[in-house]
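*Asks:* Given chain S, work out where chains B and H should sit, using these hints.
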Amino acid sequence: MSSNRTRAARLGRSALDWLEERTSIVSMAEHFLYEPVPSRGRWLYTLGSATLFLITLQFLTGILLLFYYVPTTDHAWDSIYYMMSQVYFGKLIRGIHFWSANALIVVIGLHMMRTFLSGAYKRPREMNWVVGVFLIFIVTFLAFTGYGLRWDQEGFWAWEVGVMIASYTPLIGDWVVTFLLGGDTIGPASLSRLFAIHVWLLPALLAPLIGVHLFLLRKHGEFGSEFEYSERLARLRERRRLEGYAEEEEQ
Amino acid sequence: MAGELQKDPVSRGQFLLLGGLGALVGAVLTIPPAVYLLDPAIDSVLRGRSDVPDVWRPVGSVFEVPGGGVRVYRVEFPQRQTYDGGGELLGEGSITNAVLVSWRDGELPPLLEGRERGPLSPGEIRELSRRLNVLSNHCTHLGCPVRYFPGRNEILCPCHGGIYDINGGYVGGPPPRGLYRYEFEIRRDGGIYVRHEFEGGKPYVV
Amino acid sequence: METRRGPARPVEDGEVITEENVYERPDRPMAFFPGQVVADLTVSAVLLGVVVALSYLVPAPLTEPADLSTTSYVPRPEWFFFFYDQMLMFFPGSLLIPVGGVVIPLLFFLLLLAVPWLDREPGHSLSRRPFAAVVAFLIVLAVVLNMLLTLVRILNFPQS
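Going down the list, the protein sequences come from chains S, B and H. When we follow my numbering, the leftmost residue of the first sequence carries the number 632, and every step to the right adds one. When we follow my numbering, the leftmost residue of the second sequence carries the number 23, and every step to the right adds one. When we follow my numbering, the leftmost residue of the third sequence carries the number 3, and every step to the right adds one.
If we strip away everything but chain S, and leave its shape as in the complex, we get (with noise of 0.2 Å):
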C-alpha cells in the first residue's frame, strides 16, 4: 500500500522533473506563489485580483454570447431577444457579462482610488499608474460600446449621444464621426463598427496592456503606503541619526 504510494509519488516527481527541464513551469510557479508580499494591506490587495477576475469573466461570457449574437441592425436586437428567452442559461451568461461590467466600473474605481490615497503611484511605480490610467478609460469605452451593440433604444441613444459628443471634437469632430458611423448617417455600417471596436479592437489593446500591468506589478511589487514600511524607516531614522552624531564628533 504505502510502496504503491511511494511509487506514485515518485511517478509524478518524475513527470514535473521532465516538465521542468523542458518549460521550467515549476520554479516559474513556485516563484509566483512564494513571493513575498504585504501581510498587512491582503483584503486591499483583492481589488486589483477582483479587476482581472471579472475582465475575465468579461472575456469568457463575450465570447459565449458570440456564439448567438447577430451583429446587423436588422438582426442584432431579435438575437439578443432569443438568447435570453430560448438558450440554455442564456440568461444567465448574458447576465454576468452585463453585471460583471457594471460591477467592473465599480470595482477599478475603488482600486483606483485605493491606489491613489495609498500614494502607491510614486517611484518606482509610476509607470504602472499610467498604464492602470489607460486601462481604465479602455474599459470605459469598452462597457460604452457594448451597450450600443444590445441595438435597443435604451442602448441605441446612449450610444448616439456619444458619438454626437465625439462629433464636437475640435478640428477633427467631422472626421472622427463618420469614422465611428461608417458613413454620414447611422445604419448598418455603424453597427458593424460598433462590433468591431467593442469585440476585437479594445480588447486585442486591453489585453497586452492587463500583461504590461501585471509584469509592472510583480517587478515591484505592490502597495507602497508608509505603514507599510514603518520597520525598515525607523531603521533609515536611526541610522541617519548615528551618522549626525558621528559627524559631529569629528569636528
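What the hints contain is simulated information worked out from the structure, not anything from laboratory work.
Pair ranges (Cβ atoms, derived):
id, chain 1, residue 1, chain 2, residue 2, range
1, S, ALA646, H, PRO36, 22 to 30 Å
2, S, MET744, H, VAL101, 21 to 29 Å
3, S, ALA646, H, VAL54, 32 to 40 Å
Bear in mind that the values here come from a model prediction, so they are computed numbers and not experimental data. C-beta atoms are modelled at their ideal positions from N, C-alpha and C, and glycine is treated no differently.
*Replies:* Below, chains B and H alone, put in the same frame as chain S:
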C-alpha cells in the same frame, strides 16, 4: 540562462537595409489600413458625398398640417451603406426619420382657411413655402429626439433641456443652434416632398 | 535568478537601509500563496455569487428595438456616465460644447496620467500630502454631486 550579451557592430549596409525595409513594411501595414478605415470619412468630409441618394420623398400634404401645432411624419429614405455597390444585385438599405411639420409661428396661412383640397396655383405654392417649417426631430445639441409641447407652444429636448420655438428656432438650453430644416418643396396637389439635405449644416444623426 | 521561498524576514541582519531601498520591501511579508490567494479567491467568489444572483433577480435589460425615428423615447446615459451627462448641461452653445464634451475630459485624462509627477512628495501617507488629498476629495465630490443632479433630472422627466 542569461549569458553575456553579444553586441556586434551594425554595418552601413545593414543599417540602410533595416531602415529601408522597416519603413516599407511599416508603410504597407499602416497607410492602407488607415485609408481603409477612413473611407466613409473621406467620402463624406473630403468628397462631400452622402449615404442617402438625392431623391425627393413624400411627407404629407399641406392640407393636413394644423394651425397652432406640429404634425409628425415618418419618412423613409434609401440608404447606401454597406449594401451599396451592386445596385440591382445588392439592393438598398433604408433609413427612417421623423419629420416635424408646422406653420410659421403656428398660424394657419389665411389662404388655407376654409379652402378645399385641390390643385394649388404657383402663387399659392410660393406663399405656403414661405410659411412652412419642415424640421428634423433631432436636437442640434446631441441628437436626442425632440417633441412638441402644445401647452408651452415649444419644442423641447428631453436630454439636456434644449428649448426651440415652433419654427425650430433656438430659444434656450445647451443647443448650439435651431433645429435643422429639411429642403422641401410643395407640389401642385399640396404634397410636401423632402430631400435628405439640410439648410446650414449636416446633422449626422438622421 | 534567486528563488525566494516562504515569507522573508522583515529586515535582514546587517542590511543597510538607505533612502533608495527603504520602500523596497514591506515590514512583515507573507507568501503570495496561500495568504493572498485565499483572500483574492474569497472576494472573487463573492463577486461571482452576486453577479450570478443579479442575472436571475434583475435580468440584463433589453428595451424596445432601436428606432431612429422615435418621437417619444427619452435617452438616458449609463449610471457611470451620469456625471459626464450632467457636465454637458453646464456648457451651452457651439463654443462651449466642445470644451465640456471633449476638451475637459481629455485634460482630466492627461491630469490623471500626470499624477505621479504632480505629486512628488516622497511620503506615502495621506496626511503628508494634503494637496493631493484635497484635490482627490473635490473631484470625488464633484462626480457624486453631478450624479445626484442627473438623478434628480431623470426623476423630473420620466420615461413616458
